[in-house]
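First to last, the protein sequences are chains W and Y.
If you read the first sequence in our numbering, its first letter stands for residue 1, the second for the next number, and so on.
If you read the second sequence in our numbering, its first letter stands for residue 1, the second for the next number, and so on.
Treat the hints as calculated values from the structure; they're not laboratory data.
No experiment lies behind these values; they were computed from the predicted model shown.
We put the beta carbon where it would ideally sit given N, CA and C, even for glycine.
Worth double-checking, as some hints may not be accurate.
Unchecked claim - Taking CB as the label site, the calculated pair distances span: (1) Y:TYR232 / W:ASP143: 41 to 47 Å; (2) Y:GLY165 / W:TYR232: 54 to 60 Å; (3) W:GLU127 / Y:ALA56: 50 to 56 Å; (4) W:GLU127 / Y:SER312: 53 to 59 Å; (5) W:ARG285 / Y:GLY33: 17 to 23 Å; (6) Y:GLY149 / W:ALA119: 26 to 32 Å; (7) Y:ASP105 / W:THR115: 51 to 57 Å; (8) Y:GLY165 / W:ALA119: 33 to 39 Å; (9) W:GLU127 / Y:ARG267: 33 to 39 Å; (10) W:GLY33 / Y:ASP117: 40 to 46 Å.
Unchecked claim - Covered stretches of chain Y (chain W as the covering partner; in silico rule of three or more C-beta atoms under 8 Å from a C-beta of chain W): (11) 56-64; (12) 73-80; (13) 83-95; (14) 212-223.
So you can see what is in the structure, the chains are spelled out below.
Protein chains: 2
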Amino acid sequence: MALLVQKFGGSSLATAEKVMRAAKRAVAQFEDGRQVVVVVSAQGDYTDHLIEMARAIHASPDPRELDALIAVGEQVSSALMALAIHKLGYGAISLTGAQAGIRTDEVSTKARIRTIDTARVRSELAEGRIVIVAGFQGVDREDNITTLGRGGSDTTAVALAAALGAERCDIFTDVEGIYTADPRIVPEARWTPSIDYDELLEMASLGAQVIHYRAVELAKRYDVVFRVRPSYNESEGTLVCNLSDQMEQVDVRGAALDAGEAKVTIRGVPDQPGVAARIFSRIARDGINVDMIVQNVSEQGLADVSFTVMESELTRAMDIAESLSDKLSAAGAESDSDIAKLSIVGIGMRSHAAVADKMFRALAEEGINILMISTSEIKLSCVIRRAAGEKALRAVHRAFELDRESQPEE
Amino acid sequence: MALLVQKFGGSSLATAEKVMRAAKRAVAQFEDGRQVVVVVSAQGDYTDHLIEMARAIHASPDPRELDALIAVGEQVSSALMALAIHKLGYGAISLTGAQAGIRTDEVSTKARIRTIDTARVRSELAEGRIVIVAGFQGVDREDNITTLGRGGSDTTAVALAAALGAERCDIFTDVEGIYTADPRIVPEARWTPSIDYDELLEMASLGAQVIHYRAVELAKRYDVVFRVRPSYNESEGTLVCNLSDQMEQVDVRGAALDAGEAKVTIRGVPDQPGVAARIFSRIARDGINVDMIVQNVSEQGLADVSFTVMESELTRAMDIAESLSDKLSAAGAESDSDIAKLSIVGIGMRSHAAVADKMFRALAEEGINILMISTSEIKLSCVIRRAAGEKALRAVHRAFELDRESQPEE
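Build the full structure now, drawing on both the sequences and the hints.
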């Protein structure tokens with residue numbers, strides 16, 4: 001019998017009415033002859049509310065206790081969802097992460113799933129019940145409750161789909177699917193009917209917050225086909241799967257703008273082996289996430305090393321950069337937070353060298369200067385002035401004709 | 001090392017401030033060199049709030065799901081309490097009922113504890129931590145979450161104290177302890193420094209809602225010495241233990257008034273063997289709780305059978321009484337809800353025949369008529385007119401000198 005995993009996010013469960021609506025979606029699939037596993041997030045801002053309660057007592061709460069506390073949000077949602085399905089006249093049972101056999105490592109507040117013992121879920125499904133699993137949580141070896149960090153319920157859903165060999169996983173959200181660009185900036189942005197795991201990973205890391213990259217990574221590793229689809233209507237949303245071996249590929253799947261980064265440059269660094277490693281190992285040791293890295297060598301054997309960090313981490317990054325500049329006898333460190341990162345993503349870029357050219361030309365035609373360039377196999381990012389960001393995004397979106405229907409992908 | 005169990009009720013944990021206050025109490029005992037296990041209830045009206053959420057979706061929620069839902073209230077409290085103890089600079093860990101090894105039967109919403117595997121609690125105590133256990137809950141054989149019904153957290157505390165061989169169990173509440181009578185009616189009522197399990201059981205069943213009778217029964221069975229004491233000051237409260245073998249006993253420990261019952265009488269019942277059984281098995285089958293039962297036989301071989309029920313169940317009880325009256329060819333059924341039950345409780349009554357006489361005289365001196373009398377080994381109850389209830393309670397309280405300090409009980 002075909003098995004479907006459905007995941008509902010917090011905004012899709014925020015009221016009793018919305019819970020009933022989600023329950024109807026589960027029942028519809030059950031009525032179609034499928035076994036249905038539903039994964040739920042905490043309602044609305046319930047998790048934030050619980051964190052506030054903890055902070056009212058302790059400014060930096062112990063992660064193990066914080067996990068025990070916030071895991072209740074999903075437990076509440078799962079019980080309410082089971083009751084909603086009962087209300088519709090169908091059998092359903094809620095399971096906590098522990099009851100659903102989800103075992104994680106010991107890293108509180110950002111645990112990773114190690115194994116899933118699906119025995120209980122399978123036996124409840126075999127009894128003809130819809131099974132509701134509290135997302136975002138598991139238990140470690142000692143039965144301590146752990147949570148999976150941001151996007152945890154997506155991860156639970158994909159992991160369960162993999163462990164149960166589900167036909168598909170449906171991630172219900174409050175948007176139409178994955179867009180070619182942020183529709184608040186690019187009005188002509190469209191949702192894209194399908195996208196490759198790698199493309200979505202890049203989009204996710206570029207700030208398209210629809211689904212967390214961990215869940216996408218997991219889906220890619222276990223070949224879990226999933227849909228990101230709206231909870232408020234019947235649209236199919238965006239199918240996420242492996243498209244990389246398709247004959248005819250679109251060049252560019254989408255474009256994204258990130259105005260939350262800042263640039264740090266260390267000037268006049270001696271161009272010797274091991275210097276870059278010294279810089280970035282020091283920065284990594286302080287837990288600062290570095291995004292783009294660019295290095296240029298001048299003729300005097302001195303290099304300028306630039307990198308981007310989250311703007312919120314700029315002060316700490318600059319402290320390190322200045323101290324490194326002294327130690328390396330470099331010419332000094334400087335920062336620039338008046339920047340935005342514009343990226344295009346698409347697996348077709350692997351085989352189409354002309355993509356970069358088209359992007360640079362689109363920016364040039366708008367008179368936009370490029371401060372930094374960084375490429376990966378399926379992504380091309382340019383750092384530009386922040387004020388030009390939205391204009392640049394629209395220009396690139398237009399240049400790649402992302403507003404047009406893509407050709408069928410067969 | 002001496003071990004103490006402390007239990008904090010919902011009103012003692014209603015705010016972050018109150019949680020901190022409770023945490024200080026736990027730490028004080030730990031500082032005195034004791035191992036400390038803390039059992040917590042859900043904060044304030046959190047459980048009611050969760051039940052409302054369930055009812056908004058399903059008018060009669062499935063008990064298994066209701067338990068999964070409402071158990072989170074205590075889970076939240078336990079994590080917050082652990083954080084509060086951390087804040088004070090001490091080690092603490094919260095455990096759910098399942099993690100604390102509390103196994104129950106399968107009866108959702110009113111499960112009974114079967115076994116407690118104390119391994120985890122003991123190992124955390126051995127690590128020098130204060131252990132916080134979510135009260136009111138456990139898991140059944142299949143790891144489904146169950147709750148223990150009314151007074152469940154008291155039961156958890158006493159059961160843990162028994163399983164761990166605790167020196168004592170402190171039940172913190174928002175009153176000074178057990179009173180000789182309801183101080184709202186009898187201003188001169190005092191808290192009593194010590195009371196026997198059986199006396200407290202009778203008091204609890206008479207509406208002294210300080211602690212649930214199930215917890216008292218359990219304490220009696222396993223000889224768990226406990227204190228009912230205020231959370232807002234340092235008073236010792238009331239010590240509850242086995243006093244029945246003490247040489248010098250007070251006659252009467254306290255008096256209570258219950259104005260929530262109604263009386264049903266079936267008149268002219270044939271006085272034959274098995275008739276009473278027929279009446280009360282029929283009533284029990286309908287789940288109606290009967291309190292007092294009185295039967296008098298007249299000279300014609302006909303009996304009047306009277307019993308009291310909760311006033312809220314009077315309509316159903318009368319329906320049954322009328323149908324029974326027909327079937328038994330009795331003279332008819334009638335009801336009377338203008339009543340109050342006045343009771344005195346004390347293990348000394350076992351050996352002091354004069355107690356009843358003193359009570360009846362106190363009532364007679366106030367001109368109060370007695371409608372029904374019922375006695376047990378340690379209790380004497382009189383049904384009187386409701387309007388006379390409070391006056392009668394004060395008169396009896398005075399007659400037994402309950403406002404005076406009792407003699408030391410050594």
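Hint-by-hint comparison with the structure:
no. : hint                            : verdict
1   : Y:TYR232 / W:ASP143: 41 to 47 Å : violated (35 Å)
2   : Y:GLY165 / W:TYR232: 54 to 60 Å : holds (57 Å)
3   : W:GLU127 / Y:ALA56: 50 to 56 Å  : violated (27 Å)
4   : W:GLU127 / Y:SER312: 53 to 59 Å : violated (38 Å)
5   : W:ARG285 / Y:GLY33: 17 to 23 Å  : violated (42 Å)
6   : Y:GLY149 / W:ALA119: 26 to 32 Å : holds (30 Å)
7   : Y:ASP105 / W:THR115: 51 to 57 Å : violated (30 Å)
8   : Y:GLY165 / W:ALA119: 33 to 39 Å : holds (36 Å)
9   : W:GLU127 / Y:ARG267: 33 to 39 Å : violated (53 Å)
10  : W:GLY33 / Y:ASP117: 40 to 46 Å  : holds (43 Å)
11  : 56-64                           : holds (count 6)
12  : 73-80                           : holds (count 5)
13  : 83-95                           : holds (count 6)
14  : 212-223                         : violated (count 0)
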